[in-house]
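Listed in order, the protein sequences are those of chains G and D.
First residue of the first sequence? That's 1 in our numbering, and the numbers climb one at a time after it.
First residue of the second sequence? That's 1 in our numbering, and the numbers climb one at a time after it.
None of these hints come from the bench; they were simulated from the model.
Ideal Cβ placement from N, Cα and C applies to all residues, glycine included.
Among the clues, some could well be false.
[Unchecked claim] Footprint (simulated), chain D over chain G, 3 or more residues, beta carbon under 8 Å:
| hint | region |
| --- | --- |
| 1 | 113-119 |
| 2 | 140-153 |
[What the hints assert, rightly or not] Just a sample of chain D residues kept apart from chain G, beta carbon distances all over 12 Å, derived:
| hint | residue |
| --- | --- |
| 3 | Arg49 |
| 4 | Gly83 |
| 5 | Ala96 |
| 6 | Gln99 |
| 7 | Pro108 |
| 8 | Gly112 |
| 9 | Gly161 |
| 10 | Thr178 |
| 11 | Thr199 |
| 12 | Pro219 |
| 13 | Ser264 |
| 14 | Gly311 |
[Stated by the list, open to error] EDC-like cross-link-like pairs, simulated, lysine to aspartate or glutamate; straight-line CA separation at most 16 Å:
| hint | chain 1 | residue 1 | chain 2 | residue 2 |
| --- | --- | --- | --- | --- |
| 15 | G | Lys94 | G | Asp137 |
| 16 | D | Lys309 | D | Asp180 |
| 17 | D | Lys245 | G | Asp53 |
| 18 | D | Lys376 | D | Asp341 |
| 19 | D | Lys254 | G | Asp48 |
| 20 | D | Lys190 | G | Asp48 |
| 21 | D | Lys182 | D | Asp156 |
| 22 | D | Lys133 | D | Asp373 |
| 23 | D | Lys190 | D | Asp203 |
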Amino acid sequence: MKKVILKWFVFGVVAASLAAMTGCKKNDAGADFYDTEANMIGDPLMGDTPLIDPLGLPADGNRDLFPPVYFAYDSSQVNPEEAGKVEDVASALKRGRHSGVIVEGHGDERGSREYNLALGERRALAVRDYLISLGVDPATIQTKSYGEEQPADMGHDESAWRKNRRAVFAIY
Amino acid sequence: MKRQWFISGALLTGGSVLAQRVIDITGTGQGKISINLGSFKTGSDAASRNFLAVLKADLNRSGYFSVSSSGGAVNVLGQAAGGSQIKADVHVYKAANRQKLMGKAYSPVSSGLYRKLAHAVADDIVYAVTGKKGMASGRIAVVGNRTGRKELYVCDMDGKGMRQITKDRSIVVGPRWTPDGKNLIYTSYKRGYPNVYLTGRRDPITRYGGLNASGSISPNGKYMAVILSVSGNPELWLVSAGSGKLVRRLTSTKRGNEASPCWSPDGNHICYVSDSSGRPQIYIISKDGGRPARLTSSGTENVAPNWGKNGYIAFCTRSGGRYRIAIANPKARTMRVLETDWADYEDPSWAPDGRHIVCSRTSNYRSSIYLLDTLKDSPVALISGSGDWYSPACSP
Numbered sequence: 001m002k003k004v005i006l007k008w009f010v011f012g013v014v015a016a017s018l019a020a021m022t023g024c025k026k027n028d029a030g031a032d033f034y035d036t037e038a039n040m041i042g043d044p045l046m047g048d049t050p051l052i053d054p055l056g057l058p059a060d061g062n063r064d065l066f067p068p069v070y071f072a073y074d075s076s077q078v079n080p081e082e083a084g085k086v087e088d089v090a091s092a093l094k095r096g097r098h099s100g101v102i103v104e105g106h107g108d109e110r111g112s113r114e115y116n117l118a119l120g121e122r123r124a125l126a127v128r129d130y131l132i133s134l135g136v137d138p139a140t141i142q143t144k145s146y147g148e149e150q151p152a153d154m155g156h157d158e159s160a161w162r163k164n165r166r167a168v169f170a171i172y
Numbered sequence: 001m002k003r004q005w006f007i008s009g010a011l012l013t014g015g016s017v018l019a020q021r022v023i024d025i026t027g028t029g030q031g032k033i034s035i036n037l038g039s040f041k042t043g044s045d046a047a048s049r050n051f052l053a054v055l056k057a058d059l060n061r062s063g064y065f066s067v068s069s070s071g072g073a074v075n076v077l078g079q080a081a082g083g084s085q086i087k088a089d090v091h092v093y094k095a096a097n098r099q100k101l102m103g104k105a106y107s108p109v110s111s112g113l114y115r116k117l118a119h120a121v122a123d124d125i126v127y128a129v130t131g132k133k134g135m136a137s138g139r140i141a142v143v144g145n146r147t148g149r150k151e152l153y154v155c156d157m158d159g160k161g162m163r164q165i166t167k168d169r170s171i172v173v174g175p176r177w178t179p180d181g182k183n184l185i186y187t188s189y190k191r192g193y194p195n196v197y198l199t200g201r202r203d204p205i206t207r208y209g210g211l212n213a214s215g216s217i218s219p220n221g222k223y224m225a226v227i228l229s230v231s232g233n234p235e236l237w238l239v240s241a242g243s244g245k246l247v248r249r250l251t252s253t254k255r256g257n258e259a260s261p262c263w264s265p266d267g268n269h270i271c272y273v274s275d276s277s278g279r280p281q282i283y284i285i286s287k288d289g290g291r292p293a294r295l296t297s298s299g300t301e302n303v304a305p306n307w308g309k310n311g312y313i314a315f316c317t318r319s320g321g322r323y324r325i326a327i328a329n330p331k332a333r334t335m336r337v338l339e340t341d342w343a344d345y346e347d348p349s350w351a352p353d354g355r356h357i358v359c360s361r362t363s364n365y366r367s368s369i370y371l372l373d374t375l376k377d378s379p380v381a382l383i384s385g386s387g388d389w390y391s392p393a394c395s396p
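Here chain G stands alone, though its shape is the one from the complex (with noise of 0.2 Å):
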């Protein structure tokens, strides 16, 4: 179940001292800045799967048995490099190891605090539906977002940036 999106994006810009809407402009200056989102794996948005209530269900777990997954500034794709990490959480479950996984979806410190929480949700869900598409049962994964509220690296720089934006496996 790979989908393999291309996505286009226009920026449009705002002249510093401008003060009303005189329209934009196109510009790729803030290309580099954000990661196309071509070649990447499990779209979140193919599963319509439905999240089962998690009262009753753990709330925490153990997150030193898998590496987290990266992702791309402002991106919720699991790209192909990460994947394997997804794979690995995968199969544990399926042999029945564990019980179930709390995938918790965090974002670095720029862009609003609430838009940073959907993120964050989004990034948990495409790796839950990742792991939905390798044959893991739906009731078995809760997700969780911390949008940018528990950074993993203090830092303000892009090797802090990369390191945050990420997935967590707290399997219980």
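Given chain G's structure and the hints, the job is docking chain D onto it.
Then chain D, alone, in the frame of chain G:
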């Protein structure tokens, strides 16, 4: 043309119904009314002197006045006297013809409440002289991390009188006031997953599977607009404000996130953020659903809308790598960016006067709370130090 239109203060503050009450602009300051409190008497007690200091600061901060001790276009006479209680007698005159604009004896209150009394007097003076609603009696809800956790706090509009509301030792995100100004709703992880809570109520309003965030109560108190991912993707939903039961799903953006809903003043529309176009932009949708209208088209990112009672939507726009505050008129489809310095300004919230905006300002990775004037005054720091402060929300 548009620029001139926006700079007009009367439009921003909701019409000129009471324009004839506005005094002629004279004296000191840039277009401010010079107001003289030099003859206002206080006792020898601390409370009445502190009362006068707070009152003067409130009048200066209102944006309409320049406080002086002599001369002036408006004179404030009377006295404040404190003991175990403080009372105030306030008379306001137009200097030119001694026309009385206001005369009021305030009932005594406990001396510890001198700040509250000063805020009430300041708002009464603003209204008596300009015919406009003041903001001094408003409050700001804000998230702070001075305890090492992200807790909810409330302070006065001047940033003083800070008190901690939550002691959950968890994470608070995105507080908003209920329409009656008595309670706050916020997202918290205190029971493990992000759920939406109401202050004073133990159980969450919503605790569906996945994300429950950015709850915003409708003006009539019946509904809550909220971001839920229960369907498998973050979407904008309408739920019952009382029970949290699902009413309807408003968006269906399989390739997008929704965030940050807020209500139009009449309660018929919801403004929110969606990245269904590829970048986060601001949209407006009917509370009954249907096709959303896109409000913003410029800037790489437009987020965190707040729809004021004045009809204008304040939001955060990213352009040139910097976050700034903009305001848009959704009917005329015009917008303007507020002039600020090189720092990042985010999370705007309209003050109760419909003229000022409270927002966060981040520089060198430290975040504090600022007051911006949509007319002419310079930004003012309201809350800074003791950790970071962000996500401010002004009471209605």
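Consistency of the hints with the structure:
1. 113-119: holds (count 6)
2. 140-153: With 8 residues close enough to chain D, the hint holds.
3. Arg49: holds (41 Å)
4. Gly83: holds (46 Å)
5. Ala96: holds (36 Å)
6. Gln99: Per Cβ check, D:Gln99 is outside 12 Å of chain G; nearest 38 Å; holds.
7. Pro108: holds (43 Å)
8. Gly112: holds (35 Å)
9. Gly161: Fine: 25 Å to the nearest Cβ keeps D:Gly161 off the interface.
10. Thr178: At about 18 Å from chain G, D:Thr178 clears the 12 Å cut-off, so the statement holds.
11. Thr199: Nearest chain G Cβ is 19 Å from D:Thr199, so the label holds.
12. Pro219: At about 20 Å from chain G, D:Pro219 clears the 12 Å cut-off, so the statement holds.
13. Ser264: holds (19 Å)
14. Gly311: holds (17 Å)
15. G:Lys94 x G:Asp137: Holds: G:Lys94 and G:Asp137 sit about 8 Å apart, inside 16 Å.
16. D:Lys309 x D:Asp180: holds (14 Å)
17. D:Lys245 x G:Asp53: Holds - the C-alpha atoms of G:Asp53 and D:Lys245 are around 14 Å apart, at most 16 Å.
18. D:Lys376 x D:Asp341: The given pair, whose Cα atoms are some 14 Å apart, holds under the 16 Å limit.
19. D:Lys254 x G:Asp48: holds (8 Å)
20. D:Lys190 x G:Asp48: violated (28 Å)
21. D:Lys182 x D:Asp156: The hint holds at about 14 Å.
22. D:Lys133 x D:Asp373: This hinted pair holds, its Cα atoms lying about 15 Å apart.
23. D:Lys190 x D:Asp203: At roughly 11 Å apart (the allowed maximum being 16 Å), D:Asp203 and D:Lys190 satisfy the hint.
In this structure, the one hint that does not hold is number 20.
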